[in-house]
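**Q** What follows is the residue order along each chain.
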Amino acid sequence: MRMWSRVRSWVRAVTGRARMEGEMDSELRFHIEAFAEDLVRSGVPREEALRRARIEFGGVERAKEECREARGVRVLETLWQDMRFGLRMLRKNVGFTTTAVLALALGIGVNTTVFTAFDALVLRPRPVKEPERLVGVYRTAQGESHGALSYPDYVYYRDHSKTLSDVAMFGGGMGVTTPDLRSASSGELPRVAGAAGFHMPQLLQGSAQPLSCFFVSGNYFQLLGTQPAAGRLFLPEDDKEGAPPVVVLSGNFWQSQFHSNPGIIGSTIHLNRVVFTIVGVTPADYLGTVSFVPVLWAPIAARPLVGDGTREALENRSVNSGIVYGHLKSGVSLQDAEAELGILSGQLRAAFPEVERNTGARVVSERAIGHVDSEAWPVVVAAMAAVALLLLIACANVASLLLARAATRRREIGVRLSLGAGRRRLLQQLLIESTLIALLAGAVGLPLASWALHLLVVEIASSLPSYWGAIALEVTPDIRICGYTVLVSLVTGVAFGLTPALQALRTDVNSALKDSGSMLGQRVSKSRLRDLLIVAQVAACLVLLINSALLLRGSQRALRIDPGFDSKHDVYLEMYDPAHLGYSQSKLLQLNRQIREEIAGLPSVTSVTQASRGPISGGNRFVPVTTSDAAPPASPEQADKRPWVGYSYVLPNYFETLDIPIVRGRSFTVEEAEAEAPVVVISEATARRFWPDQNPIGKRLAIGSANGQAYAGETAPFSPGSEVIGIARDVRNLSLRKLDDSYFYLPLSQSRRCTRTFVVRASGSPSSLLPALGSAIRRVDANFPVVAAPLDWMVSFDPYFVISRIGGILSSIVGTLGLFLACLGVYGMVGYSVVERTHEIGIRIALGAQPPQVLGLVLRESARPMLLGTVIGIALSAAVSQLLSAMLFGLNPVDGISFTGVSLLLIVVALFAGWLPARRAMRVDPMVALRYE
Amino acid sequence: MDTQLELLQGTLDMLILKAVSLGPLHGYGVLLRIQQISKDRLEIQQGSLYPALYRLEHQGWITSEWGESENKRKAKYYRLTAAGKRKLQTESEKWNRMADVIAGILQSTPEEV
Chain A
61 MRMWSRVRSW VRAVTGRARM EGEMDSELRF HIEAFAEDLV RSGVPREEAL RRARIEFGGV
121 ERAKEECREA RGVRVLETLW QDMRFGLRML RKNVGFTTTA VLALALGIGV NTTVFTAFDA
181 LVLRPRPVKE PERLVGVYRT AQGESHGALS YPDYVYYRDH SKTLSDVAMF GGGMGVTTPD
241 LRSASSGELP RVAGAAGFHM PQLLQGSAQP LSCFFVSGNY FQLLGTQPAA GRLFLPEDDK
301 EGAPPVVVLS GNFWQSQFHS NPGIIGSTIH LNRVVFTIVG VTPADYLGTV SFVPVLWAPI
361 AARPLVGDGT REALENRSVN SGIVYGHLKS GVSLQDAEAE LGILSGQLRA AFPEVERNTG
421 ARVVSERAIG HVDSEAWPVV VAAMAAVALL LLIACANVAS LLLARAATRR REIGVRLSLG
481 AGRRRLLQQL LIESTLIALL AGAVGLPLAS WALHLLVVEI ASSLPSYWGA IALEVTPDIR
541 ICGYTVLVSL VTGVAFGLTP ALQALRTDVN SALKDSGSML GQRVSKSRLR DLLIVAQVAA
601 CLVLLINSAL LLRGSQRALR IDPGFDSKHD VYLEMYDPAH LGYSQSKLLQ LNRQIREEIA
661 GLPSVTSVTQ ASRGPISGGN RFVPVTTSDA APPASPEQAD KRPWVGYSYV LPNYFETLDI
721 PIVRGRSFTV EEAEAEAPVV VISEATARRF WPDQNPIGKR LAIGSANGQA YAGETAPFSP
781 GSEVIGIARD VRNLSLRKLD DSYFYLPLSQ SRRCTRTFVV RASGSPSSLL PALGSAIRRV
841 DANFPVVAAP LDWMVSFDPY FVISRIGGIL SSIVGTLGLF LACLGVYGMV GYSVVERTHE
901 IGIRIALGAQ PPQVLGLVLR ESARPMLLGT VIGIALSAAV SQLLSAMLFG LNPVDGISFT
961 GVSLLLIVVA LFAGWLPARR AMRVDPMVAL RYE
Chain B
21 MDTQLELLQG TLDMLILKAV SLGPLHGYGV LLRIQQISKD RLEIQQGSLY PALYRLEHQG
81 WITSEWGESE NKRKAKYYRL TAAGKRKLQT ESEKWNRMAD VIAGILQSTP EEV
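Chains as they are written, first to last, in the numbering used here: chain A, 61 to 993; chain B, 21 to 133.
Next up, chain A with everything else stripped away, as it sits in the complex (with noise of 0.2 Å):
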């Protein structure tokens, strides 16, 4: 109750000032009249007794001032008044005041541009209805924890599933092209990606620009509950077999190529050669469950019409096509759901046993776009603690100029504790200072947080190829950011306030007063804080420092790795989806003979030669394999048990136009390959796996099963017993990791499998080749989508490589920030421990001291903190990295030249600024130094 009142009359007395005031004056205004009158009836004249009046009274002023402070109104006027105050000093120290705001705007802004990047992949929920609720269904398998879905699977799932509701899928891409419209590509490469090594294969110049289409159910807008910009979205009648086809544009489509007009709605757009009805439109920048924003919105039912006529992506079991996505119905919690499924999905495996071997069902929750699972947590806290770090050394920089200026205001704080300021209230205009340093530095922080952002978006955005679809992320800064970097803003104002504060306060008054020259007992206090902020400093900075080089030399590392064929000299070609033109299969395979003639009669090209896949390409397939001579497998689930062995069909001149070379044996006959005759080429290592010591030459495999798991669009391959005709040496086709465990090739017949892998060799450079490419195709299909890159640009593909490289760039950006602010503290310090110093350096000169001398005792002051620092940050440097080296890859976490080479580049940096204000000492006129106070 007491509480109570006193809360509600501070709140009366601070939102009703002026009344407060006003009040307070007519009070004692009666007050002194009411006793003047009395003193009036007791004969005392007038003028008389209102002088006794006042007197009598005592200070009005005064009993005001007291008034107030019964009030509670104090704490808000100090605050304020301090806060003036506080500003006024820091107007006054003007570079001090941008050092120090600079410094922090860095730590802070850096800080907010993570968090806000963070925040953006895993913590804001999707803008969908009900994000919480939101689930994806994955099938897991050998070697798979986030697998696709069949349709027919998916259509069980969600007739069948009695904790989800809604379910939908999500069909996967494919490019389409349409005659209506024709867009230009740039063909240029972004700066900033090409500038970090990042280079991804675009689209040859000149061929047609394919729009990205995503399949959806007819219930998967209602799942999100997405409404449209214009029009209308799905309904399941739109997903039904023999339903009209329908399409919905994205938002920016319809903004770009129709310019908003309503009027499209309706219309047709042929797509792939089908006709479609244009029935609404997306929002703007509408992603559903997806990264990218693609270009148009089609039912599932839809795909074989524009796909390659076979309805197997909707009636084949093996055909994983899909994700599918549900919301949890009320009052069910992740893990009902996944036993549920767990359930039904054994219930699939009963009933389709050669299908549905070995799979699973999984539920995980979908609030968000991205999934940060066990694998990349580390990555995530390791970014977090880097740029933590930064922020910590701008707190020690900016603490250690605030000791080093409170040096200089020993006297000003010596007056005002003599004056009968509290110690309290000090301490309080100490911290709101720096508070307002801190202040000051998020507001400048911000803003260069959502910059760099927007550089970083708009740089990947655009390394990205087009016909992926655009990406549209959210990474301004809003509210919750903005909170964010107040309170990191407010929590460092504190912390670097905090010690510089108490340390001033311990000012002896008399000494801080009299202020004589040396002061050996405070100094030798101060410095060992100072020192200590050195070597803070100096460490950190130097395991940020260490660290990125690690990664930098490990990435580059990885590009050296030699991957056993030779990609410097091919090109990598790859056609983009050409079944959507609905070309036939005869004409699909004369259209390969064609380009590949057209390619080979270039001039500057050695041979060329086809693939079902590329080496370090993605899109690996796998088939179980035994040799013909072991027992057949008893059972289906023994035949799992067959070791999984990576494979690709390939034209006979494969090998010589990557240059891996046949060891034994031979490579396929031209017949051998027209015919697809059971023969194979293995690995070096698949020889020594299935035939270790012997001659495998002439051996036989025997490879997949009668019904083997099939991949879209690709049966797996099947023979009974293939002959072993030659080895290859090992490479690395699968990742660039390590060499693969084992792998074959089979033939590739021309006339009746037809690819979309080209690898040409290049007599010069590959890249120079690209534009004759482009024409050469052109001239057979100018209809044809292909993507081209130098085959030696694979290689940033591997994931690895791209970790390791990202990981290098930002952590060497954090760190050469450090390293700035690390020198601007010593600078810093050194500069003030001159002025500090004069009068004993004068003294010093006078007795006979000589300008080398003078600044080896300075320096030496500084090149001790920085010393141990350096020992300090090159030990935990060790530790980091042997953290580091077990996630990434190609680090060595004991790589000599990164830790001596920074060490080293550290200390002289370091040195360097301090020998500037050093030199000052050097030229300190003792005369003036000893009447220096």
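One or more of the hints may lead you astray.
Listing some non-contacts, in silico: residues in chain A with all C-beta distances to chain B over 12 Å [unchecked claim]:
hint : residue
1    : Met63
2    : Val188
3    : Glu297
Here are the simulated lysine-lysine pairs, PhoX-like style, with alpha carbons at most 20 Å apart [unchecked claim]:
hint : chain 1 : residue 1 : chain 2 : residue 2
4    : A       : Lys189    : A       : Lys389
5    : A       : Lys124    : B       : Lys105
6    : A       : Lys798    : A       : Lys628
7    : B       : Lys96     : A       : Lys124
8    : B       : Lys38     : B       : Lys105
9    : A       : Lys389    : A       : Lys628
By construction, these hints were calculated from the structure, which means they are not laboratory data. C-beta atoms are modelled at their ideal positions from N, C-alpha and C, and glycine is treated no differently.
Fit chain B to the given chain A structure using the hints.
**A** Chain B alone, transformed into the frame defined by chain A:
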């Protein structure tokens, strides 16, 4: 008249509460009433009166409202709240107990110790 006793610190609040408990008063009236019921034996610093009044109001023992004085002038009147009444009660009891104890100590003769 005996010389006025100086007011012990902290007792001013109690006296104000007592004065106001006898009826609503403005600040000057509180001063007069205290002087009256103490029969002028207490000396009160006028300057410390109003801070005490404001403090007591802040804590909720008394409440104020503007009214008209005897000579038709605007003045702020204070009166006791229910909580203030209870507070006055407890404070008087404490004071009386304390007075007994102190008086007992001061009266002890050397033989009783």
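**Q** Now, for every hint given, state plainly whether the structure supports it.
**A** We went through each hint and held it up to the structure:
1. Met63: Given that some Cβ of chain B is not farther than 12 Å from that of Met63(A), nearest at about 9 Å, it is violated.
2. Val188: holds (52 Å)
3. Glu297: holds (70 Å)
4. Lys189(A) / Lys389(A): holds (14 Å)
5. Lys124(A) / Lys105(B): violated (27 Å)
6. Lys798(A) / Lys628(A): Answer holds: Lys798(A) to Lys628(A) is near 19 Å, not above 20 Å.
7. Lys96(B) / Lys124(A): holds (15 Å)
8. Lys38(B) / Lys105(B): holds (9 Å)
9. Lys389(A) / Lys628(A): violated (55 Å)
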